[in-house]
Every structure is written in C-alpha cells, then in structure tokens.
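Engineer: Throughout the sequence shown, residue numbering follows our numbering, covering 1 to 336 in sequence.
Don't take every hint at face value.
Said to hold, decoys possible - Okay, the calculated beta carbon distance ranges per label pair:
| hint | residue 1 | residue 2 | range |
| --- | --- | --- | --- |
| 1 | Ala103 | Ala167 | 53 to 61 Å |
| 2 | Ile230 | Ala200 | 37 to 45 Å |
| 3 | Asp206 | Ile231 | 16 to 24 Å |
| 4 | Asp104 | Glu174 | 20 to 28 Å |
| 5 | Arg147 | Ser223 | 45 to 53 Å |
| 6 | Glu171 | Ala200 | 27 to 35 Å |
| 7 | Asp98 | Asp201 | 18 to 26 Å |
| 8 | Ser59 | Glu80 | 40 to 48 Å |
No lab work stands behind these hints, which were simulated from the structure alone.
Since the model is a prediction, treat every value here as computed from it, not as a measurement.
The beta carbon of each residue, even a glycine, is placed where N, CA and C say it ideally should be.
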Amino acid sequence: NTLGIGASEAQAQKAIMCGVWGDADDDPQYVTCPPSSSPSFPVSSSPTEFGYTPSPTISSITIVTASASMVMSGFDDPSEFTTDHETVFIEALVASVDSITSADQVTEVTATAVSSRRALRARDASRSLLEDSSSGSIEVGFTLQLRLEEYNYSSFSGEDENDFSEALLDEITEELIEAITTSDDSTSSSFMTNFATAAADEENVDASAVTVDETASTDKLGSWEMDVVIITQPPTSKPSPKPTAFMPTIKPTVAPSATPTNTPTKAPAMPGASNSGLMMVIVGIVVAVLLVGCCVAIYFMSKNKKAYSTVAPETLKGGQERDRKKDSGPAIKAHA
1 NTLGIGASEA
11 QAQKAIMCGV
21 WGDADDDPQY
31 VTCPPSSSPS
41 FPVSSSPTEF
51 GYTPSPTISS
61 ITIVTASASM
71 VMSGFDDPSE
81 FTTDHETVFI
91 EALVASVDSI
101 TSADQVTEVT
111 ATAVSSRRAL
121 RARDASRSLL
131 EDSSSGSIEV
141 GFTLQLRLEE
151 YNYSSFSGED
161 ENDFSEALLD
171 EITEELIEAI
181 TTSDDSTSSS
191 FMTNFATAAA
201 DEENVDASAV
211 TVDETASTDK
221 LGSWEMDVVI
231 ITQPPTSKPS
241 PKPTAFMPTI
251 KPTVAPSATP
261 TNTPTKAPAM
271 PGASNSGLMM
281 VIVGIVVAVL
291 LVGCCVAIYF
301 MSKNKKAYST
311 VAPETLKGGQ
321 ERDRKKDSGP
331 AIKAHA
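Please put together the full structure from these sequences, using the hints given.
Structural biologist: Here you go:
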C-alpha cells in the first residue's frame, strides 16, 4: 500500500509499522511497505481493508444478430436451393469475408423468389426493371450471430453496443461487396470462386450455371436487419476453485459440494470383479481352515508320541528282558 506521510495519524502509524519514515517538516512523501518474508500472525478473520470489491463483478455477453440477402442466378425455383447449396453458400461466406471467422456464426440460410419481395425492396424505377427481368434468380437470405467480445468490444469501455455493431456490419458489408464484385482482370469474383471450390466437395451441387447478381446484391447488402442482445451472467454463490477463462461461459458452472469428503471415493469395480473377489475370499478362508487343522493335528500327534514312547529294555536274571515304560508300571513281559 502506498501511504502519504503527514496525511493522517493512521497513515503515519502504518508507515512506522513498515519501518519507513521521513522528515515531518518535508513535503508529504509517499512510502511503500515492502512485502514481508512470511504471512502475518494471527491470520485475520475478514478481508483486508483495501484491494477488494464489496460485491462480485457481473459479467455480460453482447450478441448482435443481423440479416441480409444476396441475389443469385441459375435457379428456376427456390426449392432447387437445397441444404447442400446452403452448406456451400456458408463455406463461401466464411472463405470470402475475413470478419466471419466460423461457419457457426451463420445461423440461418433461406431461399425465396425475387419477385416475392420486389414490391417491398424496390427503391427506384431502375431497381424495379432489374427485378422484373430477373427470371431464374432467387434471393438468398442469411443471418449472422456475432459475439462482440470476439471483436475486441468491452462493456466497460463505455462504447455503445449498437454503434459498435453498426461499425462491424459496415466492415462486413464492404468485405462482402468486394468479394462478389468481379474485377477487370478476372472472369469470376472471389465469392463465386470459393463457391465453386466448396461445390466440388458436394456431389449434388452443380455450380457451373450459378452466378451472383452484383448490382442487386450490392443494393440488398446495404440494409441489414440488426438486433443486439446483452446476456448478463449472475455471479456464482461461491468462488470457483480455479480462475475462469478470459471469456465468460454462457451458462453458470455447477457449484462445488458444500462439504468435502475426508476420504477419496473408491474406484468403480471392473465388470465381473465382484464375483471373482468373492471366490478369492472363499478360497482364502478354506485354505486358512485347512492350515489351522493341519497344525492342530500335528501338535496332538507329537504330544501323544512322546507320552507312549518306549525306553531301552532292562535285562532280568535268567536272560529275560523287561520293558521299562515311562510311567514305571508293574507289568513285566518275559521273552524267550
């Protein structure tokens, strides 16, 4: 913390605690407390006085949805513009316009007859004559959904999101008009070149007769239907264990468990492991019982053998021998 000497008694006291001080007669100076080698004791039960916000910062996502259209020739009916043509059209857009970075940003593509919108779209007599003579053409409408934060927009900068969206769409319009315009030294525009390249990968798309009406398309690209939506994310009830990514997620993350467990959970058993484990336990019990029984039998056998073992015979008079038992019994056995 940077503290002003002479500003207040509390600040002066803090400066003394830091071990840094200046001449009281000098102009107010600023001192910086060096970091300590170890944490202070005792640990405080509440956050420090400075360096934190009283409430968590609420993040937001700003999305602009904009629709426009182009006029393409080579189709007798809008139904001829199939889903394969939609895929090729989207790939050509992404390849032709640098500001459109992903096919996921093109959320909708539709095909309608040019005459169905002639009355609404006509602005002058020349435009009406152009559309009257546009048999075999269709109007291909497309919708873009762009996240402004991906284009270096920040809600904290103070810039209006509508102004930023309009500037972004103006840039896309310039890039797209340039892409559909055929230059003097080429026979095809960059958009149609990309369209033909993408069509080569689709078995059911023939791009040989497809062209872009540059004049009509340029006129239609001059008017976008735009809608800006700001998605506000409420803060989580508890802080996340690790820092989140720079871009906030659309949905809140799942809150951690209230109380952590003291021991880790057991790993799931492999299929069939329960039966084999039970058999191992049974076999172990049987082996243990057999070992105990064998040990007991050997013990008693050795004890009985010592009790009934004979000693060396004793020779009697007359050549007779007597077995001398360990218990000195009175019985005497004569031998021939």
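Engineer: Within 16 to 24 Å: is that where the Cβ-Cβ distance between Asp206 and Ile231 falls?
Structural biologist: violated (42 Å)
Engineer: Could you see if the CB distance from Glu171 to Ala200 stays within 27 to 35 Å?
Structural biologist: Hint holds: Cβ distance 29 Å, inside 27 to 35 Å.
Engineer: I want to verify a distance hint. Is the separation of the beta carbons of Ile230 and Ala200 within 37 to 45 Å?
Structural biologist: holds (41 Å)
Engineer: Taking 18 to 26 Å as the stated bounds, is the beta-carbon spacing between Asp98 and Asp201 within them?
Structural biologist: Cβ of Asp98 to Cβ of Asp201: about 22 Å, so the range 18 to 26 Å holds.
Engineer: Is it true that the C-beta distance of Ser59 to Glu80 lies inside 40 to 48 Å, as the hint says?
Structural biologist: holds (45 Å)
Engineer: Does the beta carbon distance between Asp104 and Glu174 stay inside 20 to 28 Å, or does it fall outside?
Structural biologist: holds (23 Å)
Engineer: Looking only at beta-carbon atoms, does the pair Arg147, Ser223 fall within the given range of 45 to 53 Å?
Structural biologist: Violated - the Cβ-Cβ distance for Arg147 and Ser223, about 23 Å, lies outside 45 to 53 Å.
Engineer: Do the Cβ positions of Ala103 and Ala167 conform to the proposed distance bound of 53 to 61 Å?
Structural biologist: violated (23 Å)
Of the hints listed earlier, those the structure fails to meet are numbers 1, 3, 5, in rising order.
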